[in-house]
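> Protein sequences appear in the order of chains A and B. Under full-length UniProt numbering, think of the first position of the first sequence as 1, with each following residue one higher. Under full-length UniProt numbering, think of the first position of the second sequence as 1, with each following residue one higher.
Keep in mind that the hints are not guaranteed to be accurate.
[To be verified] Computed Cβ-Cβ distance ranges for the label pairs, DEER-style:
(1) MET102/B x ARG63/A: 40 to 46 Å
(2) ASN117/B x GLN139/A: 18 to 24 Å
(3) MET102/B x THR33/A: 38 to 44 Å
(4) ILE73/B x ARG87/A: 41 to 47 Å
(5) PRO21/A x ILE69/B: 31 to 37 Å
These are calculated hints, taken from the structure and not from any lab test. Yeah, the Cβ is synthetic: ideal placement off N, Cα and C, and Gly gets one too.
Here's the letter readout for the chains.
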Amino acid sequence: MNSFHPGESSSHPFVEPTPLPASIPKVNEVGATSAPLKSAAFFIGAYCKEFNEDFMLCKAENRDPAHCLKEGRRVTRCATDLISKMRENCLQQFEAHWNCLEVNNQDYAPCRKPERALNKCMFEKLGLTKTIPGTAPGQTPIHEVENPLFGRMQK
Amino acid sequence: MRFPLVSALFRQDMPPAGGFEAVRYKRNLPLRGPSGLAILGGVTALCAYGFYRVGKGNIEKRELQREKIWSRIHLVPLLLAEGDRDAYRREQAALAREKEIMKDVMDWEAGKSVYNNPRYRSSEYIVVL
């Protein structure tokens with residue numbers, strides 16, 4: 001049987017092996033790493049706005065993880081749905097962009113060229129646009145500036 | 001006594017014929033680059049342009065920062081939902097474990113908060129088995 005030993009002297013990190021209770025419906029996790037998520041972030045924000053806001057309002061009600069499981073599943077399903085749609089429609093641009101983010105410290109600024117291709121494709125195929133909330137009216141959003149001061153260090 | 005006539009022995013020193021040439025008293029300073037005012041003006045203009053660029057750059061940096069923050073804000077619900085599911089799973093497992101361990105103790109309520117407050121608190125410790 002199990003015997004207690006203190007965590008600080010454990011040779012391996014503790015992983016809880018017990019699965020989620022059967023009463024909770026299963027949902028596949030997104031499973032994407034940070035670069036694809038960052039590449040898709042603004043589209044997730046646009047596509048899953050209602051679900052995300054619903055979930056965050058629920059979390060504001062109560063921080064208990066058990067309280068917002070249903071809303072959380074909707075959020076995850078929506079994000080999975082969006083990423084599979086992106087992969088169906090704009091696979092090439094998506095991969096080009098997140099691979100660029102991967103090698104550029106996950107900064108958007110050095111990856112404008114693949115980003116514009118992705119934004120164009122996403123708008124044409126799925127009708128989603130990248131908008132940064134809070135941009136001053138009349139100001140060009142930073143991802144559409146033609147000659148930015150900050151970009152790649154090496155041309 | 002009588003002195004000899006002066007002119008017979010000495011000759012008065014006179015200026016050369018046509019007079020002395022003019023004394024050159026003007027300073028001879030050849031032109032040595034732009035004037036101080038020009039340099040000062042140039043440096044001021046250069047600095048002004050530099051600060052203009054810095055200002056532009058600051059605005060752009062701020063916008064890039066905002067873009068980054070919003071990209072993270074859009075991902076918060078997704079990551080939080082995933083983390084919540086895992087936290088819930090581990091909490092339920094810990095609760096079951098506690099119930100099993102403490103089943104012989106009378107009046108023990110497994111998972112009861114030490115605070116007299118219904119607000120949710122994440123547990124302060126985990127038991128590594």
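> Look at each hint and say if it fits the structure.
Hint by hint, here is what the structure shows:
{"no.": "1", "hint": "MET102/B x ARG63/A: 40 to 46 Å", "in the structure": "violated (26 Å)"}
{"no.": "2", "hint": "ASN117/B x GLN139/A: 18 to 24 Å", "in the structure": "violated (47 Å)"}
{"no.": "3", "hint": "MET102/B x THR33/A: 38 to 44 Å", "in the structure": "holds (41 Å)"}
{"no.": "4", "hint": "ILE73/B x ARG87/A: 41 to 47 Å", "in the structure": "violated (24 Å)"}
{"no.": "5", "hint": "PRO21/A x ILE69/B: 31 to 37 Å", "in the structure": "holds (36 Å)"}
Hints 1, 2 and 4 from the list above are not met by this structure, while the remaining hints are.
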